[in-house]
Structure formats: C-alpha cells, structure tokens
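8 protein chains.
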Amino acid sequence: MTVPYVRLDKNDAAVLLVDHQTGLLSLVRDIDPDKFKNNMLALADCARYFELPTILTTSFEQGPNGPLVPELKEMFPDSPYIARPGQINAWDNEEFVQAIKATGKKQLIIAGVVTEVCVAFPALSALEEGFEVFVITDASGTFNSMTRDAAWNRMSTAGAQLMTWFGAACELHRDWRNDVEGLANLFSNHIPDYRNLIHGH
Amino acid sequence: MTVPYVRLDKNDAAVLLVDHQTGLLSLVRDIDPDKFKNNMLALADCARYFELPTILTTSFEQGPNGPLVPELKEMFPDSPYIARPGQINAWDNEEFVQAIKATGKKQLIIAGVVTEVCVAFPALSALEEGFEVFVITDASGTFNSMTRDAAWNRMSTAGAQLMTWFGAACELHRDWRNDVEGLANLFSNHIPDYRNLIHGH
Amino acid sequence: MTVPYVRLDKNDAAVLLVDHQTGLLSLVRDIDPDKFKNNMLALADCARYFELPTILTTSFEQGPNGPLVPELKEMFPDSPYIARPGQINAWDNEEFVQAIKATGKKQLIIAGVVTEVCVAFPALSALEEGFEVFVITDASGTFNSMTRDAAWNRMSTAGAQLMTWFGAACELHRDWRNDVEGLANLFSNHIPDYRNLIHGH
Amino acid sequence: MTVPYVRLDKNDAAVLLVDHQTGLLSLVRDIDPDKFKNNMLALADCARYFELPTILTTSFEQGPNGPLVPELKEMFPDSPYIARPGQINAWDNEEFVQAIKATGKKQLIIAGVVTEVCVAFPALSALEEGFEVFVITDASGTFNSMTRDAAWNRMSTAGAQLMTWFGAACELHRDWRNDVEGLANLFSNHIPDYRNLIHGH
Amino acid sequence: MTVPYVRLDKNDAAVLLVDHQTGLLSLVRDIDPDKFKNNMLALADCARYFELPTILTTSFEQGPNGPLVPELKEMFPDSPYIARPGQINAWDNEEFVQAIKATGKKQLIIAGVVTEVCVAFPALSALEEGFEVFVITDASGTFNSMTRDAAWNRMSTAGAQLMTWFGAACELHRDWRNDVEGLANLFSNHIPDYRNLIHGH
Amino acid sequence: MTVPYVRLDKNDAAVLLVDHQTGLLSLVRDIDPDKFKNNMLALADCARYFELPTILTTSFEQGPNGPLVPELKEMFPDSPYIARPGQINAWDNEEFVQAIKATGKKQLIIAGVVTEVCVAFPALSALEEGFEVFVITDASGTFNSMTRDAAWNRMSTAGAQLMTWFGAACELHRDWRNDVEGLANLFSNHIPDYRNLIHGH
Amino acid sequence: MTVPYVRLDKNDAAVLLVDHQTGLLSLVRDIDPDKFKNNMLALADCARYFELPTILTTSFEQGPNGPLVPELKEMFPDSPYIARPGQINAWDNEEFVQAIKATGKKQLIIAGVVTEVCVAFPALSALEEGFEVFVITDASGTFNSMTRDAAWNRMSTAGAQLMTWFGAACELHRDWRNDVEGLANLFSNHIPDYRNLIHGH
Amino acid sequence: MTVPYVRLDKNDAAVLLVDHQTGLLSLVRDIDPDKFKNNMLALADCARYFELPTILTTSFEQGPNGPLVPELKEMFPDSPYIARPGQINAWDNEEFVQAIKATGKKQLIIAGVVTEVCVAFPALSALEEGFEVFVITDASGTFNSMTRDAAWNRMSTAGAQLMTWFGAACELHRDWRNDVEGLANLFSNHIPDYRNLIHGH
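Residue numbers (the numbering used here), protein chains in the order written: chain F, 1 to 201; chain Z, 1 to 201; chain U, 1 to 201; chain L, 1 to 201; chain W, 1 to 201; chain C, 1 to 201; chain A, 1 to 201; chain P, 1 to 201.
In isolation and in its complexed conformation, chain F is listed as follows (with noise of 0.2 Å):
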C-alpha cells in the first residue's frame, strides 16, 4: 500500500503565489509578522533561484484585501499576474489555470493567504486535475492555529504534500555541489541562525 516518493523535480515545478495582499496579510495570526514576511520572501527567492515559472494572482486588489505586496511584483516583473475580478477560487479563473498549463509542469508549489480558502481551494481543484501539489505551509497563513489545522487536514487527505520553504528549497537543490555559495547564501537571508553558523565559521 505504500505509494512512491514523490519528489519535487525542479525541471517539473512550477510556483503559484495567491492572494499575498496587504490587507489579507493582515488577518494572518497563526504566524509571527516577521517570521511571515520572511517565509514568503524566502519562498519568492527560491522562485527565482531555481528558475521556476511563477505565476501571480489577487483577489479584488481594489477593495479591502488591498493590492499585492510591492515586494513580489518587483520580484517577478514578467511573471503571468492575474487579478482575478472575483472568484474566490483561483482555479476558476481561466486564465490562472491556462496560465498554468502553459508552464507544461506537473508540480505545483502553492502558497499564499489565507491557508483555508487561497491555497486549499485551488490545491483541491488542482489535485482534482491530476496536478502533484506541494503546499508551502510556512508561506501561507490565516486567523488561527485551529483553522490551519482543519485546513491541512483537508488538503493532506486530498492528496497534497505539505512542506516549507526549507524543505523544498533543498529537496529542489538535491546536491550541494549544484552551488554551494547559492543555496548558502538564500539561507544566509532567511535564516539568522544559518546566517549566523556561516559568519562565525
């Protein structure tokens, strides 16, 4: 009964970043601030690191949820950016998920806000397509360790894998001889104790 590793392959994975709004973000309670903002960066800069597709979506910038952070839409200048004009679902949105198809990957990295509705809707929907779905826990956030919780419940018994950014970082790198001064150095900005071991080396 037990089913093979799947394994995040960073020639297969493509990156969905949903909903990271400044207002939404400010709902965010079961994650510190600061640690927040330093997991969803960190997970921007893995994107980019390992060169995958990355798309954007918002919901509603123009109301309260309010526009995406400054910091991601300087970081992907060319990635798709889709504001959806009102579903909740970014999977039904069609150009989200044309957007995604277009990427010919079958690993999706999924994060955003708020963990029960922006990433477990469309987790679900994807799943439902046959899509490999990793979840970016420490990226995604919402009001309250309990909701957190029923919400990886539902996504897990559908089939997501949850992870981190750290985890997925290395399990993408698979070898430190790839580059070590690369993968040392996106520690070294997200990860004070990492950067610290490297400093007092």
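Hints may contain errors.
The following residues of chain P were derived to be distant from chain L, with all beta-carbon distances above 10 Å [stated by the list, open to error]:
(1) 12
(2) 75
(3) 79
(4) 179
With a cut-off of at most 25 Å between alpha-carbon atoms, the simulated DSS-like pairs for lysine-lysine come out as follows [to be verified]:
(5) U:73 / Z:35
(6) F:35 / A:105
(7) P:73 / C:35
(8) C:10 / C:106
(9) L:35 / W:35
(10) F:73 / A:35
(11) C:35 / P:35
(12) C:73 / P:35
Worth flagging that the hints you see were computed from the coordinates, not collected in a lab.
Just so you know, even glycine gets a beta-carbon here, dropped at the ideal spot from N, CA and C.
Place chains Z, U, L, W, C, A and P on chain F using the hints.
Leaving out everything else, chains Z, U, L, W, C, A and P in the frame of chain F:
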C-alpha cells in the same frame, strides 16, 4: 488514488446546529467564549445569507444542559427545531433525520457542542448513510484541545471534511461578483480585522 | 508602608480612549481580535452606563493609522474628540489635557492602542501631574505579550493601577442594588458565559 | 471509500486498564495530575456503571513502576488482574489475552500509562487480531505531547478509534432516558462544570 | 529597606472564602476546572485541619451567580455565612467585617471567585485597615491569565502576599513532627503525585 | 482494511543517525536543547544496548553545518560513517545505501537534523524501496513545531511509523526478563523521573 | 510616593549594543530568530535615525562567542567599538565606561545578548552610578522566558525602565510632525503590519 | 531611590541546596525534567568550581519525600548535610543556620524543591536576618508556573534577587581571563548550544 474534490454547493447543502445550549456552552474551553460566540453566530448568519435549510436540535433543554441560546432561536423562527427527548446522537432521533431528508440536500454542514459527541455522532451517522459531511470546527466546542484533536481524528478518518465558517462561506459564495456587498457585510460583522480594513480603506 | 486603597469612584472618574483606530488595531496581537473588540466596546459601554465623562483622541487619522473605529464615534457623539495633529503622547496635546482638566475629575481610566505608547505615555504624564491612573489593560493592545509585560511594568512602577473592564465596572458600581438590571445587562452583552447563566437560570 | 460507523456497544465492549501504577503515573506530563487522576477514575466509573467486563494488568509492580493505584484495585475486586512478570506489551501475556477473549466481547476500550507503550502496543496487537479498538486518550498519559502525538498517529493509522471517557460514556449510554439520574451522577462526579450546572439549576 | 518576614501563624489566622458559587465558577478560565475544584477543596481542608476560623460569603445567590457550591456549605456548617444582599466588595458588608473582627485574628487568608473583584476588593480593604493579607492564588480564579496578572499586580503592590494552598499549609504547619499523618493525609488527598509517592513507598 | 502490526524486531533493525552536526543542531528549536541532547544520546545508547548495526552520515562537515557531535563519533568508532560530499538526501549517496543494505536488515530506525530534510528525505526513499521505516521523532529536530507537523504528515502518509526513543526501546526489548538491569540502567540514564523512582524505591 | 516620569530625550541619550555576536545569538531562545534579528536591526536603525551616540562592545570574539554580527559592524563604522579582553560585565571595562561618559549623555539605552548577563550587569552598574537606564527588552535575548523574567525583575527592582524598540522610538520622536516620512519609513522597514497599512492605504 | 548594585562575590558567598530529594523532584512540573536535572547539576558544578562553601539539607528522607539525589551526595562528600527531623523551613533548624553562619559568608545562593516552600521560607528568613539572598530560580522547581510566579513575587518583594545558574556563574567569575578553560568547560557541560559552538569552532 486521488479523491475528487467535494466542494460545498449552496444549492445542495443544509445546516445542522446541534445542542448550542446555554448549559453546554459553559463546558466549552477549547475556544475562548468571545470567539466561540462570534463563530456560532457567524455560521448562523451564513446559513441565513445563503438561504440554506437549517435544522436546530437540542438535548434535554429542561435539565442542566439548558435552553437553546436565544440568538439562534430568534434567527431561525421557521426552521425545524427538534428538542430531543433523550437521544444523545441526534441521528437516533427519527424526526431529526426526517427533517434532514426532507431538505433533499446531500451536503450537511454540522456544528455543535460538544464536538466529540453532539457533532461527531451525527456526523459519523450521516457519513454512514452516504451524506457528504462538512464539520464547521470553529463553531463546535468542547472541553479541551486534546478532546477536540481526538474527535477531529475520528471524524476525518470516517470521511468528514474539516472546515471553518469562513472557509465554508467562501466555498459557498464562489465569486465575489455574486454579491460583493452582502459578503463584505458578513465578514465585517464577524471579523474585526476585516471590518477595520473596510473602514480604513 | 501600606498605601491606602485607591478605589474607583464613579463621581470622580473620567475615561480616556486613546487611538482606537482601524489601522492601529491591526497591529494588536497580544489579544485575539474578537476578544479585543468586545473588551473595547465593553469599556465604552461602562463609560456610558456610569455616565463618566469620556474623551476620545486619535493620532494622524488621515495616515496609515486610520480613522477612529466607527462604533466609538457613534457611541460618544457629544464627547470631546481630539484628533491630534502629531503628538504621539496625547498628554503633549494641550487641547486633550484641557478637556481632561475640564471634567474636574481626579481619577483617569485609560485604554488605547498600542499599550506601551498610546496608553503608557499619557498614563505616565498623568501620574506625574498627580492624577490617579487606572489602566484598563484588556481594552489596550499591542504587538505581543513581551511588549505588554514591559509596558505594564513601567506603568505599575510609576503608580498606575492595572485593571480590566470588568473589575472597573464592579468597583464603580459598588452594590448590585444600585441597579441590578442595568449591570446584569452590561455583563450579558459582553460576557457570553454570564449571558448563558442568565438565560439558563 | 467511506468506512461504516463503528459504534461502541455496551453489550459488546470490555475495558482494559493497563499499567496505571504509582511509579509510572509520575512519568505522565502531557496531562495535569489533577485532571489525569480524574479522567482515570471517570473511565473506571464508566466501566462499573455500564457493567463492562474490566481487566486490570500491571508491569513489574515490585520494581520502580510501583503497585497499581489503590483506587482501581478497590473498584474492581473481582476483575481479572494480571500482574505481568515481564512482558512489556500486555498482549504478549497469554493470561491477559485469554481473559479478554473469555469476555466474548469484540470491542476493546483501552487506557493506560504510558500511551506509546502500554496502550499502543496492546492496541496494535488487538487490531491485528481483528478486535475493534477504542483508545481512551485522556485516561492514558505519557512524557509529553510530542510523544503522545506520535503514539496517536501510530494507533490511528492502524485503525484504532481515538476517544475520551466522556465521548465513550455518551456513545455507550445512547439515550438519557435509559437512566437520567445515573448518567447525570457520573458527569457530576467527574466534570466540575457539569456539577455546577446541576447545582445551579 | 528589607521588610520583616510576615509568616503565617495558625494561632493568628482566619480564612475568608468569597463567592465560590456555582454560576461564578463557570466563569473561571485561568485554571482548569479539575484543578480549580481540587485547589478550592484543598484550601477548605486546610482551614479545617488547622482549625482556623472560616467565614463564608456569597453575592446574590438567588441570581445567575448561583448558590455556594454544596461541598463548602457542608464542610463548614457552623461557620459564619454571609449572603450579601448586594455589596460587591464583601468588605462593604458590615456583617462580614464584624465576623472577621470577631475572630480576633490579624492574618487573613483569602480566596474567591473572581480574583480581581471578589478577592482583590476585600483584600485591598483589609490591607487598608491594617490586616496582614495572604491571597491563596490557586483557590481563586478568573476569566483569563491577563486579568489574573493585573489583579495580582494590584494586590501585591498594596502589600498582599501571594501564596498557594500548599505553601500556606506548609507555613501553618511549621514542623512535620506536629502531626506527620495528618499533613501527609492532607497532601495525599489533594496532590496525586504525592499520593503516588506514599503508595509507592 | 486493517494493516498488520509492523513491530520493531531487534534482529531485523538498523539505526541511521543523519546529520547530527554541531551547526545544524543550533537550528533545532522545536525541542529544548537539554531535552534534545538527551534524546539523541538515548537513541544512541539504545543502538548500542541492542547491538543494532548503526550508520552515521553527515552533510558538509567542513562548512557551517559543522562536524558530527563528538559524543556520537566516540560511541560508534567502528560504524560506517559516510561524510557526504554534497547529497542532501542521504539516500542519494550510494555508499550510504550500500552500508544499509549490507546490514541485511529490513527495518530502519531513523533520526536526524533537520526533520523535514535530513530525516524525511531518506525516510521517504527507504519506504519507496520497501524498507519498514521507524522515525524516532524526539531524536530528530527542526526549526519549529509547524515545520515538524508538516514533515510528520508527509512521512506518515507515505507509510513511516512515528515513534520516540523510549517506545522503540520498549518494543525492541519485548520483555523485562531479557535483562532487567540493562533496561533499567538505560532508563535511569535518560529519564530523570525514572531514575528518581529507582533511587527512591 | 509617585516618581516623576523619566522620559527618553533624544538630546540626552546614548545607545549601548552589548555582545550581539554570532555565537551568542544562537543561544537566544526566548524570541524567535526572525523576530529577534528584526528587533536588533530596528534598534540599530533607531540609533542612526535619531543620531544617538552608539557604543558597541563584544566579549571574546575570537572564541566560541563569535564575531559581532556583520550588519551592526557596517551600520556603525565610526562608533566606539570595544572588544573586551575578558570582562563579562562590560562596565568593568574602563574603555567602555569612558566611551559612555565621553558622550556626556545621562540616559542609556541598552540591549544585548544574553539578557541576564550582558544586559543586566552593565544596566545595574550604570544605575548604581546614577545613569537613567532604559532596557530595550525585545532587542535583548536569552535562553528562555524564565531566565528573562528573572532578569527583568532584577533590573526593574534596581530602577531600570523596561521598554521595546518601538516604544523607545516613539518616545524619542515625540511628534510625527518632526519628520513624518522618516518615522514612517523606520516603521515600514521593521513592522510588516505597518508596512501593509502604508501600502494598502 | 536607587538601591546599590548588590553583586555576587565568590569570596563572600555560600550555596544552600534545599530538599533536592527523589520524591520531591517528581512533583516539579514547571520545568521539564531533563532541563531541571541539568540546572540542578550545573549549580552544583558552579559551587564546586568556585569553591563556595555548600550546605545540603533534606526533609524527612525516610518518608515519601525520598533520599537526596545521589549525584549531589557524591559531589559534596565533605559538606555539611543536615537531614532535618521535621522542620519545613530549613531556617527553623538550628544546625542548618549554624552551618551557614559558620561559613562567615554574607551572600546566600539558594535553590531547592519546591520553590514556594523549601526555597522561599529559608530565603525569607535569611533576608530577615540581614543576609543577601540570591535565588537560583532555574535550579528550583515546583508544581506549576502559577505557583512559581506567586513564590517569586513573595521573595522579590522581600528583597531577594532572582537569578539563574548561568547568570550567577558569570557574576561570580567576573572575567574570562581568570580561567578561560574552566568556565568554558562548565558551560560546555551544561549548555548544549554552547558545547556545539565550541566543537564547531
């Protein structure tokens, strides 16, 4: 082995509010009282906003369990209200099951007090009879988090989907354009942070 | 060395609500939003119930701090409302201090956001000028509990008394017989457990 | 894929109390001692109230594990009591298994100390032999919550149902009308909040 | 600047049990119900064991606050029992103060529900009148730990000594040789770990 | 649908200690350092006590990850020790896999730092190749509990059994009579409460 | 008995950054690393923004304590930097004290690692010599919260004021109109929630 | 009003280890057992390293409190060891006080189990007699954090200084140059993170 995404559909869902009674509420200690009251009323507001058939039931109102909280009684004056004479599992009460089947809905949204009994027992019974069950975890409360964790495990293993009122509202609504003002109002009344975003916008 | 018991007196107390603004409220993370909103409104209800002179002030409403929350604005239409042009310590604003002194009260009940600045600064200034200061800790919020603990220490050391809205209400009321129904109503509206006791009684 | 609801049946259930010994109890730190003692005795009271065949076993009483707590010994003077000479998994002791099989029951309600060993080992063995296993999680204790979480995962994955004494009591009782006073008395003796509801009613 | 050690003296101490009523107890959420009930009864047992004059009082028993918990009523059949007609601060009730003064004791051991009102108000009043006040913090409960912290701060600043029932028992007893069996019995009945040590010894 | 109980067998088990390096250990924050050190050494002591073939591996010792902690190096002077030149998943290192296969064991007991990478990756790979995998969760550490929870979910879903060193020791030992003194000594050295039971007995 | 309000004055304050070294930072576990790094740099930014004389010191850089974190070194290229040859209490180093006295400031803002040693020792010494001491608690870290609580108690009792970087910044700035953009920028760089308010405004 | 800095002086300090007995240790639940054992032994190592006169005492070793833990007995074979026949406050035992006074030291470093009794009582008595008292909080343990907080408050108010073993070691040592290797060794043996820094250096 991936299961299809079973998605809440406002045309095929009914709400069961089980044993939200004044005495039983004093037993709830896994969620803070202010938050729990808000969650319970938010779910009730969702039921009304999406015009979902809603069924109320209580256990032994004349004893220490106490009467149904007055807010719920007032919100659903025309809904079936089954004051069970003794059955602990509401599904053991024929009138309750008949009221559910009379709605003709296949999806059951359940919340109640206490989670491992008043919610879990009818949820497990409903799953056994082929209903799709969505537990609104944050409008359900119990003695402590350990008890909750065990109850979630039992329900999830049997096929129930664990959600919160906000996630359910989003999945039922599907698209902001169906009614921007209505949904925003619902959120404003039950999510202080969202209300602040609206007023600060 | 025992200091005499300085007791809240409804005939000698005024309430200061400092910077309960929509933007600043999103910074509060030492108290859950549902609970904090309830505490803030409970204190406001106390101010009205005991007919205490109440003074509202805000910092930079036109900027990211946002406007005063609308509930407070509506509850105190005739109260002094000082929108400070820049002073961070409200006590540095002459109009604010004059409004306080115009009440002729010696006891100041203070709450606000964030605790270590908007509450602590005027509390310390008021103590310096000889007022008796009662901080309503649970209607005051800040970034995290560590910040709160430091702020409490600073205020307590300087002579402020740390209270909560419920304790203040009880000390102001003195005797249930002064108005049983009124006090019970106040508690019922802001303490779900007490409401349940009343309805289950 | 939905599994049928396996429901506790008082006519088909036996209770196994495994290694509630004075020394081992001092190792329990995932539940507060006052609460744990109450839960353990509440489960024992359930066993007696529902007249379930109950089997006691201990591991090495003469060593540091210490004797069975005297309360349990007194409550079940006529129950099988197997002081195991060395087997850590009680199921490895033939006398214990024979005592279970002699009850003729298919459902086993298990609790003990420590969770991941004294409970999990016989639970896993019983499942392997086709019994229906119900773990009373709150009458089982261990070193810390991390250990408990791992033990729950192992047992749940193997098919055990995780419950608490209160949920088990409710599922065994089925209907208040079977004996209102008896059940209320059970709750009053082991749930202070429920006792208060009864006395305040 | 060192203050002399004010030590509990069983010949000069009285116990005040304030408002341990069924309704008010349901408000207590800073201590788990099982533990709180144990602490409350442990303090009562201490009062009896050391034969300290004990005074009971309640607030509005006929209303939602509910009656005094029956255990305390039964334990002190001959003690003064002042059902206050309305005074929130028990010290505002002359009969209560007279009962205290009639004991001729200078040291007051106080516990009650809720901490910041029913305990803090009479504690502050007693300090003002020159009594030595010992608050039994773990037999006193309130809404949450934040409220408790503020109440402790207010009482400690005014000169009250913060203790727990176990510390008070030890300070009152002074020397095991005064009665080994009696003290061990007291501990065995209220400290499960100590009971296990005794039985495992 | 019940899976058979896969039980640790000391004759068919090998231990993999993955990346317990001085630098990586400073990243561990989901377990307190004193406790983590103890757990790591306790597992190592188990490996020696049960004479299980043990394989050590490290990642980039010359960099910030730092050298293997000296205690482990000293405890297993004759064990295979694979200092991986770059592979992040130890299973990608042929020498490591060959060392495992050379033991001829089917059961792998794995622990390491950090959990979601150094433990999860080889655990998933081993499961894929048909090994039975037992993760010693409390001798494995990572950045925070959220990361740990996600890693546990991924490993458990793939078929790994989550255990702790104490549970593994008990399952390996089977019967106290195999060596009372040896097992008691192991516990005494790594469980202070058990040591106290022994010395107080 | 009220002490006058001792208020931070940007014209009379100096900043002491004590032992923020790469090795020592790995010991900090009472604050999450992401948050602690942010707090440390926020305080440093405050020092520069308000142009406060700043003094850096380290303990044994060549040993395991490690070098000063490079960010601080870069931010204060012209500040006095005293690498202490051995004194644990920085105040025991004459050069350090002379550098402080050379600033001519009476108010000392202190932060460092670890709180109970590197911060508390010089704070206590400075108080003894008549300086006004403001401890920036959230830019100071140590092993755990218990250690922190004890250190806070010792410093507060001796007259130190406990603050956080945000409170200090506000007290130093006094009035938004002194430089709206500068202060907003400082907050935007170090408080993600505030940054979101600015960008969402 | 500033009090002078009372600083630990290795030439004027004695250590009191009060009631670290096997039975009493099982009552300690405010600190994890692994950490508590380490702290207790770390303090003992400090006492030996700084050659401070050390006095051991126990309460009723022949009863459930159990014998002194063997490690301490072995470490101080020549120290005064007063097995008190019954006095709960060690200071009530003349032999104990004489042993202290015989050291001629004015500073007393105290730790023990449980905090609010075995530590607080002699600490308060010593303060009353004019000693300078330093409580090693992390080598003292009790039932829960609430009890600890109350005990700390009582001791601190009476003039005791709250410290931890690490802070005390640093204050006693004064300057690394007095013995770099000795202090590093002490830290390496009791602070895993520091040990890792040393080995990774």
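Here's how the hints hold up against the structure:
1. 12: Residue 12 (chain P) clear of chain L: closest Cβ-Cβ about 39 Å, beyond 10 Å.
2. 75: 23 Å, holds
3. 79: 28 Å, holds
4. 179: Given a closest Cβ separation of 38 Å, the condition holds.
5. U:73 / Z:35: With a Cα-Cα distance of about 24 Å, the restraint between residue 73 (chain U) and residue 35 (chain Z) holds, given a limit of 25 Å.
6. F:35 / A:105: 36 Å, violated
7. P:73 / C:35: The hint holds at about 24 Å.
8. C:10 / C:106: Cα-Cα ~11 Å, so holds.
9. L:35 / W:35: 7 Å, holds
10. F:73 / A:35: Roughly 24 Å separates the two Cα atoms, so the pair holds.
11. C:35 / P:35: 7 Å, holds
12. C:73 / P:35: 24 Å, holds
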